[in-house]
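Could you put together the complete structure from these sequences and hints?
Residue numbers (our numbering), protein chains in the order written: chain X, 17 to 181; chain D, 73 to 695.
Where hints are given, some of them may not hold.
Said to hold, decoys possible - From the structure, some residues in chain D lie toward chain X, with a derived Cβ separation under 10 Å:
| # | residue |
| --- | --- |
| 1 | C365 |
| 2 | A368 |
| 3 | V386 |
| 4 | S388 |
| 5 | T443 |
What the hints assert, rightly or not - Cut-off 25 Å, straight-line C-alpha distance, at most; resulting in silico cross-link-like pairs (DSS-like, lysine-lysine):
| # | chain 1 | residue 1 | chain 2 | residue 2 |
| --- | --- | --- | --- | --- |
| 6 | D | K487 | D | K444 |
| 7 | X | K155 | D | K298 |
| 8 | D | K302 | X | K155 |
If you are wondering where the hints come from, they were derived from the structure by calculation, not from laboratory data. Ideal placement from N, C-alpha and C gives every residue a C-beta, glycine not left out.
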Amino acid sequence: MPRHEFIVVDPDLCIGCEICESVCSFVHEGVFNPLLSRIKRVRIEPIVNIALSCQKCEDPDCVNACPQKALEKDEKTGSIKVNEDKCTGCAFCIRACPFGAISLSTESGIVLICDLCESTEYDEPQCIELCPREAISLKSVDQIGDENRIDAVKRLLSEMLEESK
Amino acid sequence: MTLEGYTQQRVNIHLDTEKIDISTIHEDFCTKWIGGYGFGAKVLWDELKLDIDPFSPDNILVWAIGPYPTTIIPTSSKYGLFAKSPQTGLFGMSISSGSIAQQARRAGHNMIVFYGKAEEPVFIMFDDDDINIIPCKELDLWGKGCWEADEILKEHYNDSRLSVAAIGPAGEKLSRMGCVTNDRNRQAGRTGMGGVMGSKNLKALCFRGTKSVKIAYPKEFYEKAKELIKRSIGTATTKYRENGTPNGLASYNDMGMLANYNFREGYWKDIDILNGQYLNDHYVVKTCGCSQCTIACDHLARVPNDHPDWAGTVASMDIENIYSMGCDCGHSDWPAIMKGIEICDTLGMDGISAGATVAFAMECFEKGIITKKDLGYDLSFGNYKSMIRILEEMGNRSSKIGDILADGSRAAAEKLGGDAMKYSMQVKGLEFPMYEIHGMSSFAVGASVSIRGACHLRNGAYGLDAKGKFDRFGYEKPLERGKAIKKTEDEYCLIDSLIVCKFTRGIYENNQEYCDMYKYVSGYEMTTEQFLNNGEAIHNLAKCFNIREGATKADDYPPERFFTEPPTIGPAKGVTLDKKGYTSILEGYYEARGWTKEGIPTDETLKRLGLDFVIGKLTGGKK
Numbered sequence: 017m018p019r020h021e022f023i024v025v026d027p028d029l030c031i032g033c034e035i036c037e038s039v040c041s042f043v044h045e046g047v048f049n050p051l052l053s054r055i056k057r058v059r060i061e062p063i064v065n066i067a068l069s070c071q072k073c074e075d076p077d078c079v080n081a082c083p084q085k086a087l088e089k090d091e092k093t094g095s096i097k098v099n100e101d102k103c104t105g106c107a108f109c110i111r112a113c114p115f116g117a118i119s120l121s122t123e124s125g126i127v128l129i130c131d132l133c134e135s136t137e138y139d140e141p142q143c144i145e146l147c148p149r150e151a152i153s154l155k156s157v158d159q160i161g162d163e164n165r166i167d168a169v170k171r172l173l174s175e176m177l178e179e180s181k
Numbered sequence: 073m074t075l076e077g078y079t080q081q082r083v084n085i086h087l088d089t090e091k092i093d094i095s096t097i098h099e100d101f102c103t104k105w106i107g108g109y110g111f112g113a114k115v116l117w118d119e120l121k122l123d124i125d126p127f128s129p130d131n132i133l134v135w136a137i138g139p140y141p142t143t144i145i146p147t148s149s150k151y152g153l154f155a156k157s158p159q160t161g162l163f164g165m166s167i168s169s170g171s172i173a174q175q176a177r178r179a180g181h182n183m184i185v186f187y188g189k190a191e192e193p194v195f196i197m198f199d200d201d202d203i204n205i206i207p208c209k210e211l212d213l214w215g216k217g218c219w220e221a222d223e224i225l226k227e228h229y230n231d232s233r234l235s236v237a238a239i240g241p242a243g244e245k246l247s248r249m250g251c252v253t254n255d256r257n258r259q260a261g262r263t264g265m266g267g268v269m270g271s272k273n274l275k276a277l278c279f280r281g282t283k284s285v286k287i288a289y290p291k292e293f294y295e296k297a298k299e300l301i302k303r304s305i306g307t308a309t310t311k312y313r314e315n316g317t318p319n320g321l322a323s324y325n326d327m328g329m330l331a332n333y334n335f336r337e338g339y340w341k342d343i344d345i346l347n348g349q350y351l352n353d354h355y356v357v358k359t360c361g362c363s364q365c366t367i368a369c370d371h372l373a374r375v376p377n378d379h380p381d382w383a384g385t386v387a388s389m390d391i392e393n394i395y396s397m398g399c400d401c402g403h404s405d406w407p408a409i410m411k412g413i414e415i416c417d418t419l420g421m422d423g424i425s426a427g428a429t430v431a432f433a434m435e436c437f438e439k440g441i442i443t444k445k446d447l448g449y450d451l452s453f454g455n456y457k458s459m460i461r462i463l464e465e466m467g468n469r470s471s472k473i474g475d476i477l478a479d480g481s482r483a484a485a486e487k488l489g490g491d492a493m494k495y496s497m498q499v500k501g502l503e504f505p506m507y508e509i510h511g512m513s514s515f516a517v518g519a520s521v522s523i524r525g526a527c528h529l530r531n532g533a534y535g536l537d538a539k540g541k542f543d544r545f546g547y548e549k550p551l552e553r554g555k556a557i558k559k560t561e562d563e564y565c566l567i568d569s570l571i572v573c574k575f576t577r578g579i580y581e582n583n584q585e586y587c588d589m590y591k592y593v594s595g596y597e598m599t600t601e602q603f604l605n606n607g608e609a610i611h612n613l614a615k616c617f618n619i620r621e622g623a624t625k626a627d628d629y630p631p632e633r634f635f636t637e638p639p640t641i642g643p644a645k646g647v648t649l650d651k652k653g654y655t656s657i658l659e660g661y662y663e664a665r666g667w668t669k670e671g672i673p674t675d676e677t678l679k680r681l682g683l684d685f686v687i688g689k690l691t692g693g694k695k
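Now the structure itself:
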């Protein structure tokens, strides 16, 4: 079975424009408000820009931390589903998430977690579609490992690659 | 009628009494004056007393946004500051980007008007509807640079995304070119709005907003916004994305339009170094976008670690600062330009005016008006180390000459006396942007009729010369030229009122698209005629403000140098502006605007634009 894909942002490409945040709140909540976004831009001056959202951990700390058992990892998609009836907004999951990828809605008091736009009318995550630098993509850990390996080999064996041309 | 987009909330802050009034901006006001520039022009016309000293408590500082911040319309997070300018004595305005507008929008504010002067230095925290005026001494904020103030406030409120617009020591010490810095690299730079804040004892504005923004027609909006975003990363903006604004260095230089040596020349000898590609290849480490900006013209460059003086300095590179602190000062030293930009951004000085004022001082040095004895060091053209030194002395007013130069070249020339005014390259007191206008007969007029002084952002008339719409060395078709300048000027008024960035002007196919977007956000349907009429009305109102203050036709002329001293190299070699020809285009422009030969709007024009309230009130100012 292929592994679950999640949102990956390339900090070399990210310009920190926050459009991912804005569109996320718009397609999920019908309004613009980065506080209602499930992806968060991080800027560390002067040059670091990236956005973070749910990494779909194999053994998610957020699910384990929830005292209400309101969070559940969807077997099929890997997304963390929030049971809105059970969630009390206690924010234990926010404290547990090592990526700061969960936030508490300022309007409903329920936590917000990236669902790759599954709950919206759109087939593709809209942050990916609108990112002006194509900095956001969907990847699995296997793909990331594969890409990193190829990069590493290109660096390590640059001479051999040059000779083979 | 309900309007979306706008919050319609106006906050009046009386700094002397700490009284805060909140009122509702009427729908008709919103749709007539649009936002930003239009709001500023109307409030200043209605409320500012005549002939006041711009640094007196009587000056009014208007902060305003339009209907778009927080939406995904490309480059929608922009705000404007408006007041009587201490640099020009006329209509002052400056627009900045970054995160301020969208945080303030979510906090619920559409326009904030500052009256009076605080008893002691203060900053103001706008935390949604909670507005607090707080003494700077609580955080030891007064005296701090713009970047440091930003960091202190973010830390104090424990919020890395707090939006802070602050002045630096220059604004505190009433530099007439004092600017406002926000988000580190974004400035409300021109016409001394930072000095006005300083005169009000107002160090910083902090914004944090949590409210959501609704759209009147969400479906149509989203479809069109996606299209605009797509276009905004297409060919219309390639140059801004790839090399950033420095891309223009080489192309304008090719036409002899890159000002250097204090506008004696328009062709820069070392263009093989001082160009956007070279900068990108050697120094740029990152491109950054303002909130909701898809273009990211902001090219951050870093001084290499092995540099003996300024290693590690990271600065935001813009063509205007590269001209003003580079070739205009007679050098191509990239690290010095980066350091100069950092000084201006942290001390809070307008980078264009600061650099151009140093170039002015260098020419004064050459002519013996300023001497080594006055300065303690050499200030010849090309001495970039001295440029850094004098910039610091200007921002801090820490030396005799630095103190004189801190108010810009016109004020400095008045103090220095002699022939100094001949070398002050400004219109209405505001220093020129990078365009060398000896061989730009249309833009010479465009830059000089600008409401806020010499400027390339009040109309795009430089395009008429650069794209060859008219002979740039000739003066034929003055009325057609006038009409062309008017057209771009009216459109720019709308761009500055909505407010969006001018770098997106190429992504809208026509004015109907602007109106469509305005309708999708606000719910209010406007015809393109009405839209353009509003733009024209905004321009005319700002013009009337200047006339009321005493501005005349003479204020619409560039310095004598352009009529008498031709460049000695490049495509404009031997060319000067012809005064008769210039005047014919100027009068063609006045005619196109429906103004008299002296540049006064006729009653008929004012009535056509719905400016009846101006009629009979155009006199009185002494300037």
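Hint-by-hint comparison with the structure:
1. C365: With a closest approach of 5 Å, the C365/D hint holds.
2. A368: holds (4 Å)
3. V386: Constraint on V386/D satisfied, holds at 4 Å.
4. S388: holds (9 Å)
5. T443: With Cβ-Cβ at 39 Å, over 10 Å, it is violated.
6. K487/D - K444/D: holds (18 Å)
7. K155/X - K298/D: holds (24 Å)
8. K302/D - K155/X: holds (23 Å)
Taken one by one, the earlier hints fail for this structure only at number 5.
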